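Those protein sequences? They're chains D and G, same order as listed.
Per this note's numbering, residue 197 is the first one in the first sequence, and the count goes up by one each step.
Per this note's numbering, residue 197 is the first one in the second sequence, and the count goes up by one each step.
Any given hint might turn out to be false.
[Claimed, not checked] Okay, the calculated beta carbon distance ranges per label pair:
hint: 1; chain 1: G; residue 1: Gly287; chain 2: D; residue 2: Ser233; range: 53 to 59 Å
hint: 2; chain 1: G; residue 1: Asp355; chain 2: D; residue 2: Asp355; range: 40 to 46 Å
hint: 3; chain 1: G; residue 1: Tyr379; chain 2: D; residue 2: Met296; range: 36 to 42 Å
hint: 4; chain 1: G; residue 1: Tyr379; chain 2: D; residue 2: Thr370; range: 23 to 29 Å
hint: 5; chain 1: G; residue 1: Tyr408; chain 2: D; residue 2: Pro267; range: 32 to 38 Å
hint: 6; chain 1: G; residue 1: Ala204; chain 2: D; residue 2: Gln398; range: 49 to 55 Å
hint: 7; chain 1: D; residue 1: Asp355; chain 2: G; residue 2: Leu199; range: 30 to 36 Å
hint: 8; chain 1: D; residue 1: Met296; chain 2: G; residue 2: Thr378; range: 54 to 60 Å
hint: 9; chain 1: D; residue 1: Glu285; chain 2: G; residue 2: Asp281; range: 52 to 58 Å
hint: 10; chain 1: D; residue 1: His251; chain 2: G; residue 2: His354; range: 52 to 58 Å
[As the list claims (entries may be wrong)] If you only want the chain D side, here are some residues facing chain G, beta carbon under 7 Å, derived:
hint: 11; residue: Leu199
hint: 12; residue: Thr303
hint: 13; residue: Arg306
hint: 14; residue: Thr307
hint: 15; residue: Leu309
hint: 16; residue: Ile411
The hints are simulated quantities; they were obtained by calculation from the structure and are not laboratory data.
Just so we're clear, the structure is a prediction, and the values are computed from it rather than from any experiment.
Virtual Cβ for every residue (Gly too), placed ideally from N, Cα, C.
2 protein chains.
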Amino acid sequence: MKLYKKGADTSYTLGVFPTIELLKHRPEIVKRVVVHSKIKDNSGYPLIVDLCNEHHIHIDEHDATIDKLSPKANCLAVGIFKVFDTQLEEGNHIVLDHPMDMGNIGTIMRTALGFGYTNIAIIRPAVNIFDPKAIRASMGALFSLNVVYYDDFESYRHDFPDHHCYPFMLKGATNIHKVEVTYPHALIFGNESSGLDDRYLQYGQSVFIPHYETIDSLNLSISLGIGLFHFSKRDFINKEVLK
Amino acid sequence: MKLYKKGADTSYTLGVFPTIELLKHRPEIVKRVVVHSKIKDNSGYPLIVDLCNEHHIHIDEHDATIDKLSPKANCLAVGIFKVFDTQLEEGNHIVLDHPMDMGNIGTIMRTALGFGYTNIAIIRPAVNIFDPKAIRASMGALFSLNVVYYDDFESYRHDFPDHHCYPFMLKGATNIHKVEVTYPHALIFGNESSGLDDRYLQYGQSVFIPHYETIDSLNLSISLGIGLFHFSKRDFINKEVLK
Chain D
197 MKLYKKGADT SYTLGVFPTI ELLKHRPEIV KRVVVHSKIK DNSGYPLIVD LCNEHHIHID
257 EHDATIDKLS PKANCLAVGI FKVFDTQLEE GNHIVLDHPM DMGNIGTIMR TALGFGYTNI
317 AIIRPAVNIF DPKAIRASMG ALFSLNVVYY DDFESYRHDF PDHHCYPFML KGATNIHKVE
377 VTYPHALIFG NESSGLDDRY LQYGQSVFIP HYETIDSLNL SISLGIGLFH FSKRDFINKE
437 VLK
Chain G
197 MKLYKKGADT SYTLGVFPTI ELLKHRPEIV KRVVVHSKIK DNSGYPLIVD LCNEHHIHID
257 EHDATIDKLS PKANCLAVGI FKVFDTQLEE GNHIVLDHPM DMGNIGTIMR TALGFGYTNI
317 AIIRPAVNIF DPKAIRASMG ALFSLNVVYY DDFESYRHDF PDHHCYPFML KGATNIHKVE
377 VTYPHALIFG NESSGLDDRY LQYGQSVFIP HYETIDSLNL SISLGIGLFH FSKRDFINKE
437 VLK
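Could you put together the complete structure from these sequences and hints?
Written out as structure tokens, the structure reads:
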């Protein structure tokens with residue numbers, strides 16, 4: 197097993213939790229699972245064994261493979277899988293313009309899943325969602341999402357011309373607290389450093405998240421968390437308990 | 197100049213932006229500024245020079261010091277300062293119970309500053325806000341905040357018995373969308389992995405941020421961003437432009 201390289205047709209999960217998510221949601225793409233000899237006491241191990249049995253997936257115990265793929269971390273399981281294509285479905289979308297940070301994209305995928313935004317369009321150039329670091333940061337949320345790359349925003353728009361666009365921009369025209377939420381929508385967020393360029397002001401209803409000028413901007417994953425929280429309010433306002 | 201160690205009475209900023217924040221907001225604690233010979237073309241350099249002149253702070257050009265303190269990053273300026281104590285003021289507070297992640301605490305400080313929450317209580321054991329990595333992640337927001345460590349929550353409560361407490365918990369009693377916001381308040385957030393323990397249910401009005409059970413929980417900085425956004429709405433709802 198080789199270390200992941202961008203563009204490879206095989207990647208892997210690092211850790212018990214994301215490996216379980218892989219086995220639960222995308223068992224058909226799993227090639228094999230490798231576990232560390234120390235995994236026996238881990239509370240997730242019986243579930244890994246059950247899921248592998250159910251889907252006839254081979255488990256190898258091989259410490260050297262794990263140490264090679266995850267030299268620093270205390271990793272107990274690796275799920276090796278074939279990278280996969282998905283299609284965006286109707287319903288609300290997130291569009292990420294040139295996201296570049298591995299940790300951010302993981303947090304974004306996890307947050308998106310939590311708020312029910314299971315369709316994400318990514319405009320290239322962009323971070324690679326199949327990088328093991330991104331998968332780990334997503335805690336395996338990737339395996340429950342549809343994520344599609346586009347070369348430019350116009351190509352996305354061509355596929356989904358009827359989604360109401362809400363570009364999140366420092367120059368946005370409307371305060372998020374006052375925006376009228378319509379469905380289905382596409383919430384559009386820019387790159388970590390540069391945000392969305394002015395071109396996006398022409399699409400739909402641009403939005404800003406108000407804050408004091410003591411900071412230049414909120415960071416991308418915070419803005420996205422707030423945006424999703426606000427735009428999905430209808431689905432959650434009457435929930436009486438979380439757990 | 198030595199690499200920062202926990203408990204040292206001197207620390208440093210890494211990078212032009214946080215160094216400017218230090219010089220702007222806490223010039224009295226700055227011992228000296230060290231710049232890299234490559235800084236001349238950086239757009240922030242003239243401001244560093246002006247601020248150092250204004251406050252009679254010495255600037256050294258010394259590449260070896262910078263390379264030592266920041267071996268990996270492309271760092272052009274370092275501001276060496278004496279660690280400082282602050283006091284919490286009245287007004288709204290954030291309380292962080294056992295935050296442990298260096299990057300998170302930086303993002304949290306920056307987000308807090310943006311939403312006008314300039315007073316943060318941290319319950320030990322906890323990450324060290326004077327670690328250069330935390331300062332860098334905060335982009336220097338630390339220098340505009342009051343941050344006070346407490347050994348336990350009761351000690352904080354003793355100092356500020358009249359703040360309305362809102363512990364953010366998966367088991368929280370009230371949906372954030374329906375909570376009545378009162379002032380001054382303390383928004384309380386737990387550790388990255390374990391959240392707040394059940395003991396916090398007894399303090400004030402516990403709150404949950406509703407999401408689907410497809411994820412275990414939102415991550416700490418996302419929860420905090422959403423909490424601050426929601427609880428500070430009164431101050432921002434009528435803002436008509438951001439920039």
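Now the hints, each set against the structure:
1. G:Gly287 - D:Ser233: 53 to 59 Å: 54 Å Cβ-Cβ, so the 53 to 59 Å window holds.
2. G:Asp355 - D:Asp355: 40 to 46 Å: 56 Å, violated
3. G:Tyr379 - D:Met296: 36 to 42 Å: 39 Å, holds
4. G:Tyr379 - D:Thr370: 23 to 29 Å: 26 Å, holds
5. G:Tyr408 - D:Pro267: 32 to 38 Å: 35 Å, holds
6. G:Ala204 - D:Gln398: 49 to 55 Å: Since the Cβ atoms of G:Ala204 and D:Gln398 sit about 52 Å apart, the hinted range of 49 to 55 Å holds.
7. D:Asp355 - G:Leu199: 30 to 36 Å: The hint (30 to 36 Å, Cβ to Cβ) is violated, given that D:Asp355 and G:Leu199 are roughly 51 Å apart.
8. D:Met296 - G:Thr378: 54 to 60 Å: With a Cβ separation near 41 Å, D:Met296 and G:Thr378 fall outside 54 to 60 Å, so the hint is violated.
9. D:Glu285 - G:Asp281: 52 to 58 Å: Given range 52 to 58 Å: holds, Cβ gap about 54 Å.
10. D:His251 - G:His354: 52 to 58 Å: 56 Å, holds
11. Leu199: Hint on D:Leu199: violated, closest Cβ of chain G at ~20 Å, above 7 Å.
12. Thr303: 6 Å, holds
13. Arg306: It holds, given that the least Cβ distance between D:Arg306 and chain G is near 6 Å, below 7 Å.
14. Thr307: For D:Thr307, the interface hint holds, since the closest Cβ of chain G sits about 5 Å away, which is under 7 Å.
15. Leu309: At 5 Å from the nearest chain G Cβ, D:Leu309 passes the 7 Å test, so the hint holds.
16. Ile411: 4 Å, holds
Of the numbered hints listed earlier, those contradicted by the structure are 2, 7, 8, 11.
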